[in-house]
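Chemist: Working from the sequences, and respecting the hints, build out all of it.
Protein chains in written order, with this note's numbering: chain A, 1 to 256; chain B, 1001 to 1367.
The hints are simulated quantities; they were obtained by calculation from the structure and are not laboratory data. C-beta atoms are modelled at their ideal positions from N, C-alpha and C, and glycine is treated no differently. Errors might be hidden in some of the hints.
[Claimed, not checked] Computed from the model, here is a short list of chain B residues facing chain A with C-beta under 10 Å:
# : residue
1 : Ile-1031
2 : Lys-1059
3 : His-1067
4 : Tyr-1083
5 : Ala-1172
[Unchecked claim] Restraint ranges, calculated between C-beta atoms of paired labels, are given here:
# : chain 1 : residue 1 : chain 2 : residue 2 : range
6 : A       : Ala-89    : B       : Glu-1047  : 51 to 61 Å
7 : A       : Val-216   : B       : Thr-1342  : 34 to 44 Å
8 : B       : Phe-1018  : A       : Lys-34    : 46 to 56 Å
9 : B       : Gly-1356  : A       : Asp-51    : 18 to 28 Å
[Said to hold, decoys possible] Reference listing, derived: stretches of chain B covered by chain A, where coverage requires no fewer than 3 residues with Cβ under 8 Å from a Cβ of chain A:
#  : stretch
10 : 1068-1080
11 : 1247-1259
12 : 1348-1362
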Amino acid sequence: MADKLVIGGKELRSRLFIGTGKFSSNKIIPEVVKSSGAQVVTVALRRIDFDSNEENMVNHIPEDCILMTNTSGARNAEEAVRIAKIARAAGCGNWIKIEIVTDNKYLLPDNYETIRATEILAKEGFVVLPYMSPDLIAARRLKDAGAAAVMPLGAPIGTNKGLRTKELIKIMIDEIDLPIIVDAGLGRPSEAAEAMEMGAAAVLVNTAIATSDDPVGMGEAFGLAVQAGRKAFLAGAPAIKEYAEASSPLTGFLGA
Amino acid sequence: MSFYQRYSEYKNFDFEKFYSNIKDNHILSIINKDRINELEFLTLLSEKAGKYIELMAQKSKRLTLQHFGKVILLYTPLYVANYCVNQCVYCGFNLSNDITRKKLTKDEVEEEAKIISDTGLRHILLLTGESRTHSSIDYIKECVMILKKYFSSISIEVYPLETDEYRELVEAGVDGFTMYQEVYNEDVYRQLHVKGPKRNYRFRMDAPERACLAGMRSVNIGALLGLDDWRKEAFFTGLHADYLQDKYPDTEIGVSLPRMRPHSGDFQPRVNVDDRSLVQIMLAFRLFMPRVGITLSTRERAEFRDNLIGLGVTKMSAGSSTEVGGHALEAKSEGQFDICDTRSVKEMTELIYSKGYQPVFKDWQAI
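Modeler: Next up, the structure:
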C-alpha cells in the first residue's frame, strides 16, 4: 500500500513543510521550495503586502504549492479567527496554521486559545493546523474541535534545540488519530529525521533553513532527511534497548 | 505595583562596589548562559565586560539570527506638530527655544502620507510635542484616520496619556507605542525637565504600562543616552523592558538606543557615549532579552548603522526627517534634532540587501 499523507482532502507529495519568515530575500523562496521538495509553505498574514508585487511574499511561492497562512501576531482566538478570514478573503486559500502566542518571551503557543480558534475555524470550513505546546489532552481537544492535523513544537521557536519535547510528542503520535506534524525548534536535518522515525507525519522547518548560510542546500538536506526518516519508520527501526543483550540468554537452561 | 517600585530597589544600589567584584570568569560564564538575570545583564554592561565585546557580538549575532532571521524592519517618523509646553533642556522643541512652531493640517498630513507611502514603507511612527491644545487626542486621532489609508501599522510617540486615552487611540487604529523615559535617574530627570507637565517623572514612567493595559500590540522604550551614566541608564531600561515583558507577556516589547544629537539649544550631553559603548549596550540587551526588538534610528551615522546590521538591531528608520512636514512641505520648521543618516528608503533597501539581509516593509496590519 502506498504511503500517503492526506490532509484536508489533499494528498501531499512531501512531508516537509517550510516557513518563510526569516529569509534574506523573498526571491530565494522558490529555490528552497524546489531543492527541499516542500509542498506546503506557511506565510504570516502580517507579512503579506497585497499592495506590492515585489514585496508580496505570496508571489514568490510556486503555484503548485499549498499556501498555509499563519496567524502569527494573534494574541487570542478572536484575533486568530479574524486573521484567518482576512487571509481567505484575500485569496490565500483555506489552509490555516493557528499560531496564538500570549508569551513574547519564549513565543510559546497558548493551547487554550488555540483550541477555541480551531473550533470556530473548522466549523467555517477552514483546514486547520494548530501549532501547540505538546499536551495529549490539548491534542484530544483539538481533534474534537475539528483540527486536520496537530502541530506540536519540538522546542521553542527559533531555538534550534531539536526534539526537546520528544516524549510528549511520542505519546501524541501513539494516541491521537491525526497527522502529528512537529513544528518549531528543529535545528538540524538529523532532528527532522528523528521526528519522522518516531512516526511524525511531517515536520515544519523555518529558522534552520532560512538562517543557514546556504538555505537552498539546507532545504535539500532537510528534504532528504525527512524522506530518510519516513522510510526508516515504515521499515520498522529496531527497538532501542536499555541494556546490552547477552549472546547466552539467562533463561537458556529452561530449554526450548 | 508600578515599575517605579522596581526602580526604587536599585535607585541607591552601589554600582561601583558591584563592578569592583566582577571577575573575568563571571563574564565568560554569563556570555555562555542560555538565560541571564538582571545582575548578569548589569555585569555585561560593566567596563570589565567591555573586553569581551567580540564574544558578546558573536552570541548576539547568533541569537538575533535565530529569533528574527535575516530581516530588518523599516519605518519612518512623521512629526505632525512641534508645539510644546515643556522646557526640556536637551530638546529642540523646548518651549523656550525660538523655533518656528507648526502643526500640519489634514491635507498636509495626507500629502506627507502619500509621499512616504510611495517609498514602500508600511510602518509609520507619528510624533508630536506636548500640547493638549494643539496636539489634542482628537487631532492625533484625525491624523491616525488619514494614515490608516496608507500604512498597515501606526505607532505613536506623543506625550504621556491616560489608559483610556491610549484605548481610544488603539480603537482608532494605533497598534504601537514608543516613549523614552529620557533619563531614569530621578534626580537628573528633575534637573533636566525645568518646567511643564513632563516634570512628572512617575506619570511618564508609567505610560508604557498604561499603553500595555490599553492593548497596544507593541511597546517600545528607551533612555536618551548621554543624559546620565550610560551603564546605569541602559540597566534601568533593561529592567523596565523586563518588567513590562513579564507583566504583559502578550505585548511585543522593544527597546531603542537613542544617543544625544545636536539640536537647537545649548545643552550638551553630560556623558560621552562612544560607539563602542553603544554597541556594548546593544549586545548586552540582546543577551538579556533574546527576543526583544532593538531599534536604531537615523540619529546614528550611516556607516555605524550599517555595521550593526546582523549584530542585534532589528528595526531601522529610513528616509527620516524630524521637521514637521519634513517630507513634503517647502516651508519647513526646525527639526527636533539633527539627523545623521540621511539615506532614502531606496538607499537603505539596497544597503540592507547588500549585507545579505531583507528589508521588511510590512510586519503587521489592522485586523
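Chemist: Which numbered hints turn out to be false for this structure?
Modeler: 1, 2, 4 and 5
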